[in-house]
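Undergrad: These are the residues of each chain, in order.
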Amino acid sequence: MLDYDEVTFDLEYSIKEGGDDWLLKDLFRSKPKYVTIRHHQDATKMEQPEKTKKELPDGLWAKCDECNQIIYHKDLEKNLKVCPKCGFHFRISAWERIKFLVDTDSFKELFPNVCSSDPLNFPEYKEKIAKSRETTGLKEGVLTGTAKIEGIYLALGVMDFGFIGGSMGSAVGEKLVRLFEYATEHEIPVVTFATAGGARMQEGILSLMQMAATCQALNRLAEKSIIYISILTDPTTGGVFASFASQGDIIIAEPGALIGFAGARVIQQTTRQTLPPGFQRSEFLLERGIIDMIVNRKEIRSTLARLLRFHQRRNRVV
Amino acid sequence: MGNGSNYNLDFEKPLQELEKRIEEIKTFAEEKRIDMSEEITRIEAKAVTLKKEIYNNLTPWQKIQIARHPKRPTLLEYIDLIFDGFIELHGDRLFKDDPALVGGLAYFNEIPVTILGHQKGRDTKENIYRNFGMPHPEGYRKAIRLMKQAEKFKRPVISFVDVAGAYPGKEAEERGQGEAVARSIMEMAKLRVPIIVVITGEGGSGGALAIGVGDRVLMLEYAYYSVISPEGCASILWKNASDASKAAETLRLTARDLLDFGVIEEVIPEPLGGAHRDLEATAKAIKEAIQNSFAKLLKLNTEELLRMRYKKFREVGRYIEE
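Here the protein sequences come in this chain order: A and B.
Read in order, the letters of the first sequence are residues 1 to 318 in my numbering.
Read in order, the letters of the second sequence are residues 1 to 322 in my numbering.
Since the hints were made in silico from the structure, they are not lab data.
Possibly wrong hints are sitting among the right ones.
Unchecked claim - Cβ-to-Cβ under 8 Å is the rule here; a few derived chain B residues that face chain A:
#1 N8
#2 L9
#3 E174
#4 A182
#5 I185
#6 V213
#7 L253
#8 V267
#9 E322
We put the beta carbon where it would ideally sit given N, CA and C, even for glycine.
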């Protein structure tokens with residue numbers, strides 16, 4: 001698990017770069033602007049595994065990990081789990097993500113029955129899966145399906161960090177590959193939300209192979225000139241970043257997300273290098289040219305709609 | 001004894017003791033001018049039996065120690081014995097040349113091919129120069145450049161994997177290590193020429209897979225290929241890196257395991273005692289295996305080749321549908 005104490009959210013940098021729409025200017029508005037979505041489900045009924053750790057006992061209040069602000073839970077929910085004071089993006093579950101993102105009732109789940117087996121008979125793996133299922137209400141670490149965003153039909157894959165650290169094993173890989181193949185067949189755009197520690201250790205080499213499986217499926221999508229937008233959320237590291245997640249035609253990151261190949265601890269142990277503040281955060285990646293843009297959670301929906309509309313078939317002129 | 005005798009493998013201790021005794025007896029016989037050849041022959045035969053016994057019963061962790069042996073042959077040593085007329089090419093045309101990943105042109109039995117692979121050093125000085133064979137993004141970008149060049153000139157690619165992992169460093173992250181690895185996988189998956197991969201030593205996770213997507217993946221007997229190092233796995237699982245030997249069992253990372261999983265197509269046998277004890281014999285075995293693979297691949301047209309490559313990586317995972 002990552003330690004949020006490590007988060008150094010460089011506000012100054014964001015302000016400097018804040019000429020465009022994507023960054024943190026919302027923070028400085030007295031009245032935050034919300035993306036309008038109609039919730040088809042009562043927020044309180046949603047499974048929110050991450051909540052338990054961060055919330056104060058009564059469940060009514062949450063504390064921001066970044067600025068320690070105490071936030072009325074309903075306000076946090078309304079603000080798409082972004083701290084109204086400092087703009088810190090809380091981690092959210094796959095179902096919350098979908099609820100915040102897509103047109104009401106438009107999500108249709110695909111391949112819900114693809115599940116992990118335990119091919120290595122790995123110690124405690126079955127228990128881990130059972131526990132993750134219980135806390136997340138998911139069968140596997142990624143939700144796949146179709147949905148609409150501002151009326152635009154798309155294939156959507158959303159990972160859940162609560163499910164064994166969002167790790168990619170055979171089942172997660174298989175669901176993503178099927179999603180990419182489905183999109184290729186039906187010629188619809190693909191959007192994925194990544195959040196993962198990496199490949200799933202418990203399935204050994206078979207997890208590693210999912211990096212190749214997902215990448216090659218994206219090649220087929222590309223052959224048909226279908227857009228793939230990858231959104232990196234906190235955290236996206238290891239074999240997930242080093243495969244499909246870093247291969248979007250357009251790569252978007254949420255502010256302050258930890259994104260990288262190797263973990264900071266491994267880097268420090270191997271190289272004895274001191275890592276600068278903000279290392280491997282979204283802002284760092286933007287500056288290094290690794291991602292296209294940073295978009296606040298509240299604006300991801302409208303940003304995606306603009307990008308998807310831009311890439312619609314009727315816009316093809318050649 | 002081979003040239004690996006200064007690096008002691010624990011499990012070889014009984015063998016080394018026996019070999020030491022043979023030397024002692026030889027010296028003694030010479031000094032005292034007595035004929036002890038019968039005794040020597042007897043112990044030598046015993047040593048061979050013991051060696052066979054040890055090497056036929058290696059644990060996964062012991063195999064890893066052989067795969068990591070500092071005297072294990074490296075790519076540049078193999079190239080001279082397997083190929084003709086190697087011309088090394090350098091650089092990714094973007095940032096710099098990465099000595100941890102070498103590539104170039106050569107003939108394999110008169111077939112022009114592109115070679116690429118990780119390059120470890122053979123001593124400390126060389127290892128520092130080669131960054132212990134762990135590439136930065138520019139290494140993988142060089143590999144991509146050379147693969148695309150091979151595609152352009154319609155020649156097969158032969159890729160050699162021997163890496164602890166893609167380098168985990170500050171600069172590597174800054175220059176997009178994750179993207180470089182993923183891009184290389186993408187390009188290999190769609191490359192319109194045959195690709196043969198030979199895993200000769202360590203197959204360290206993404207850093208190995210980055211140049212490990214092929215139509216035929218061959219693997220030396222004592223090489224290993226894993227999603228995580230056994231030490232890393234042990235420290236996560238049991239909070240103790242010294243449980244690595246247990247983790248090595250659990251991860252199913254030996255050539256035999258990977259053949260069973262369908263991750264590789266062929267195990268290349270190593271000489272008794274490991275590749276480092278007989279470079280020529282190992283190179284010969286690799287060459288034969290490449291030749292057999294060529295015979296299979298050159299029969300296929302490009303579309304068949306790509307379809308089969310896709311299918312292979314598409315179907316390797318194991319999951320259930322509830």
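Undergrad: Now tell me, hint by hint, if it's right for this structure.
TA: Evaluated hints:
no.: 1; hint: N8; in the structure: violated (25 Å)
no.: 2; hint: L9; in the structure: violated (24 Å)
no.: 3; hint: E174; in the structure: holds (5 Å)
no.: 4; hint: A182; in the structure: holds (5 Å)
no.: 5; hint: I185; in the structure: holds (5 Å)
no.: 6; hint: V213; in the structure: holds (5 Å)
no.: 7; hint: L253; in the structure: holds (7 Å)
no.: 8; hint: V267; in the structure: violated (14 Å)
no.: 9; hint: E322; in the structure: holds (5 Å)
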